Structures are given as C-alpha cells and as structure tokens.
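2 protein chains.
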Amino acid sequence: MEKNRQEKGQSTVKMRDVAALAGVSIATVSRYLNGNLDRMSKATAERVADAINKLNYVPNSAARQMITKSSGLVAVIAGNIDDFFSTEMFKGINAMLESEGYIGVLFDSNSDMARERHLMQIVSNQIFDGVILQPYNSVQVIQETIKRPMPIVLADREIDQSPWPQIVTNNYEISRKTTQYYKDRGFERVIMITSSLSMAANRRDRYYGIQSVINHIDVLEVSENSYNHRKVLQELMALINGSKENTLIFALKERWLTEFIPRLFYKGLIDNQHVAVTGFSDTGTAQYIDPQTKLIAQNPYLIGASSGEVMANLLQGKPQKPEKIVVPAKFG
Amino acid sequence: MEKNRQEKGQSTVKMRDVAALAGVSIATVSRYLNGNLDRMSKATAERVADAINKLNYVPNSAARQMITKSSGLVAVIAGNIDDFFSTEMFKGINAMLESEGYIGVLFDSNSDMARERHLMQIVSNQIFDGVILQPYNSVQVIQETIKRPMPIVLADREIDQSPWPQIVTNNYEISRKTTQYYKDRGFERVIMITSSLSMAANRRDRYYGIQSVINHIDVLEVSENSYNHRKVLQELMALINGSKENTLIFALKERWLTEFIPRLFYKGLIDNQHVAVTGFSDTGTAQYIDPQTKLIAQNPYLIGASSGEVMANLLQGKPQKPEKIVVPAKFG
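Chain order of the listed sequences is S and B. Residues in the first sequence are numbered consecutively from 1, following UniProt numbering. Residues in the second sequence are numbered consecutively from 1, following UniProt numbering.
Okay, chain S solo, but in the shape it has when bound:
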C-alpha cells in the first residue's frame, strides 16, 4: 500500500509543485485555478500559468477536494427565486464569497418546508463547503437534516434561539417608523395587504410594528399562488369606502403595490390626503406609479453581502459569534 501511494505521488504533479516553480503560495495557485484573478497582478498570473504549462499540471477538483476537503462551492437555499429580494440577496452573497475565492450556487425552496428539507439533505450529502439559508424550518429540523458538520448562516428570515449567525432586516422598527410618519399627518386607520400572515415571521413583525402605532387595522390577505384580481380590488375599494377615517394602505410586499395600486390611482381613490399608500418596495418599480408615494426599501444586496462575509469568515476558521446582524431598511 505504502509503495503504491508513493508511486502515485511520483507520477502526479501537485499544486505545491506549481506553487514552488512559480514562487507563489498554494493559495495563489488555487485562486488562479478558480479563475479568481481580481486581486492578482498580471505578472503573478503569468508566472502561475507558465508553471502549469511547464509541469503539465492538470487541475482536478476531485483530487484537490481530497486534500483540501473543499469544493469552494457554497449552497444558498432561497425562499422563492421569483422574488427580487432573493435574487438580489444572492448577488450580494456572491460578491463577498467570490472576493474570498468561493462561489455561491442557488437552490430554490419555493417557500415550501418539505422542499427546503429535501434541499438541505442534498446539500448535506454533496460537496458544498457551507450553506446559507433563508429558512422556513425550525432550528431542530435544520440540525436534524444537515448532518455533516458545515458552516450555516441564516439570512433574512429570523428564527428564535438560532445557534447560527443571522442577518436580518429591522422589520418591526421600520414598519413602526413608517406608520408613525403617517399618524403624525392625521392617518388613523390602516388597510394592510399581505400574503398569509401565518407563514412568515417577517410579515408578523411588520404587522406588530404597524399595530404598535395605529390600532385600527383591516387586514386583506391575498394568496400568493392564486387570487381573483377583480375580487381583491373590489374588497380593497369596499374597505377604503367603508370608513371616514384617513386611511393608509400598507402593502407588505411590492407585488401588491404594482398589482393593485395603479387601478386605485386611476379611479381617483388615492389623493395622498384622505387615502395614501406605502409599502415594502425592493425594486423601486412601485415608485413609478405615483412619484408622491413614499416607500420602504430593504437592502437585500447588503443583507446578502453581510451573509457572504460571515460565511467566508466561518470557512476560514475566523471566530464568528451566533449573533444577529441587522441591516436596516429605509423609508422615504
């Protein structure tokens, strides 16, 4: 056995041979091989390329993984990739990961707990170095599913008692602050448009934030999967006309702004005096409906970048407390 291993060793050029000939570190060769040239001088890159050619070195991920036990791939399991929030977050994650020589790959849990579990199982069985979750399942389920020891970071969705770092938005605070702005201007009642409140802690935090300022809230729940546009619009108009109080329409998701507000606006139902509109708008598209509308913008890119940074630290063995990092949203 020993002899066999030695023979193999002699016949195979290793990454350290390339590094020695090029006069650089193994890490530099690794970065070169991963196409990560951002922080490498042209001269260094050329020396590494020359050494690879002279030694006829064939990079082999499987072999490299045997040594480093690292694929350089980080799995990102996002809630719903049709949401701009998720994809922008992924772009932020990748920006930070790639600057440290890793690369993120995206999985879509489709906001489904069973599917998220299935994906965690796959990630746990495959060659990923770490996983960033926009989680639906509980701490216990995550622990039971991801059996291999690997760094875990939670992004966007908060979980109680998380043993892992979490990067989240200030949902409660920004909803409170926004509602206060309108209360100061004479608004006494809120019509809140939201997807199912039972599903996500984020939405509940927003609801509590609004409620902490204005108590009179009519909640209009709209199913993300299927709804009758005309019917929802009629319910909305009935709600608007159903009270003489100055009313703020508060959409917990941009989609409800772009799908329902233009019609209300044409019908003259929104005058910014007796009836105003606000809501979470990550892409900013809703601002083109009416320039007077003030909106809440989260920063999914920064939430992603922070998550990527924390993950890179964990992968490099730097200490990282299971703390909660808050990336504030902005109103106005």
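These are calculated hints, taken from the structure and not from any lab test. There's no promise every hint is true.
[As the list claims (entries may be wrong)] Distance condition first, Cα-Cα at most 27 Å in a straight line; then the derived DSS-like pairs of lysine-lysine:
#1 K267/B with K267/S
#2 K294/S with K177/S
#3 K294/S with K267/B
#4 K147/B with K14/S
#5 K147/S with K14/B
On a predicted model such as this, the values are computed, not experimentally measured, just so you know.
Chain B: place on chain S using the hints.
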C-alpha cells in the same frame, strides 16, 4: 489489496442490499434517497425505509459518485437572475429534472461574457452531471471552456451553428404577428423601447419582426444599469408628440412597461386609438396598468421544462438531436 477490498465490501451495506431486502429496483432506492417520492407508492417508500433501517444503510453521495460517476446535480447558468424570465425558466428546468431524479442548481452570469466563462470553467471542474446555459458566449468559447465531456443544452438565447440542442422562443414571429395586429387597426409607426440592441440576438430578432411589418420605427435605447427616469420619459413624450401618425409603443422588456407607461397613461397620452402600448410581459404585472393593453407573454417555465427534459434524456443516454425546439409566445 484484493482481501482489503473484500473486507471493505463485507463491512459496507450497499444500495443493492437495500433494494434486495425491500424487493425493489436500485433505481427506486436511489429515488427514495433523493427524496423523489412523487411517483412512488407509500407502501414502496415504507418498504425502502424499513430496509434502510434494518441494514443500517448510510447513504453516501461520494461513494455513490464513485460507482455511478454521477452527482445528480445539473448546473444552470442563467443570464440575469433578477429577471423573472430566468428564475421561472429555472423553476421549469427543476420540475422536469427532479421528476427524473436530478436536481438543478443556479449560477448567475450577470449578463457578462467573462463571468459566464468563469462559471463554465467552475462547472467543468466540479461534480456537475450536465449544464444548461442561457448563453452569451459563442460555440467556440463554450467548447474551449467546458473541457470535460458533459451534456450541454442551450435555453432561451439562440446561437448560430449550435452543436447542442436549443430551446427558444419565436421572437421574430410573435413580434411580427403583434405588429400586424396593430397595423390592421391603423397604426403606422412604432416607438420601440429596448435595452442595448447590440447585446442580444433575441432583441434583434424582435426588432426585425416589427420592422418586417412597419418600417417607421423610432428606437429608444435605455441602459439596464443606469438611466435618468425623467429624461427617458421626456424623450418618450417628445417622440409621441413628434409625429401625427398613429403610434404603437412597443417595449421589448416588461421592465420598460412598468417603469414608463403608468406616467404616460396618467398624462392621457395613451388612448389606445392614436397611441397604444404593447410589449413583452412575462410576469403579467403590466396588465394591471391598463386592462385594455394587449401584451406578449413568453412561456419561460415551459422553455425551462423542455430544456430540463432534453437534459434528462441526454443524461440517461437517450438519443437527442442538436435540434431547435421552439416554445411559442402568445399575444393578446
């Protein structure tokens, strides 16, 4: 060596042992392990679970990969994951792949040729079974970059002389048909709003489709990365007012509909008689601006599902010609 291997064999429960005890095929055990229970009876799933428990079988992807040389992972390199088109396409890809026991993971090329090359290199070096591209690079570059023999499928963006199967939309035909509809109703001039025409074959095909029916086209190019909303709006209004011909505003991308059309509509500039609007709208959000507007809907989910089906066939060794499959878009 031989003895050693035998000893190992005796101490390790294999998938075929599980299959034998459960009285099912190895493929069924594999599906069970991948959580792919859609087409499996509850009784079968329970028999497999029992056998796994009795034999204390530990599924190990690395070990499985040594035998099957398959990770079950298919890489999808999408153009820009912030586009609904790309993410819906990915959902379609996954629906088909997963029904065949594979799973898709998403990479974001960010519409950047160099970045796409880098990602193709990573995919080629890693443990992916195949790759589906929404390609920016040429056939030659793809061939030079993906060195390992693996199935390749092209989705959405057409490439000349592709040696791989392509799944595309009928961009030219649907643009032609849509323009003809308005020409028949007295429209003689088009204002086309588009991202840079030089970048993508898709956009050029749409342009040629419009041009084949109406020759008088004013092109308004808007940069995807940064533009002045007010300035573009003013240019658009100047163009509308600059001609007495009945004018069709034709947006090659939904984003230009949702960002510019609401303001034109409020200003009374769109009356559907002298000035009408149409365009590509994959999410359908634009229809809420004005219910009278007729739009073009591609079918990214079906384009993805077809791509996933072709990929699954290739992975299973079924013959698949390098043909072009057209998934038609719909107008109206």
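- If any of the earlier hints don't hold here, list their numbers in rising order. Failing hints: none at all.
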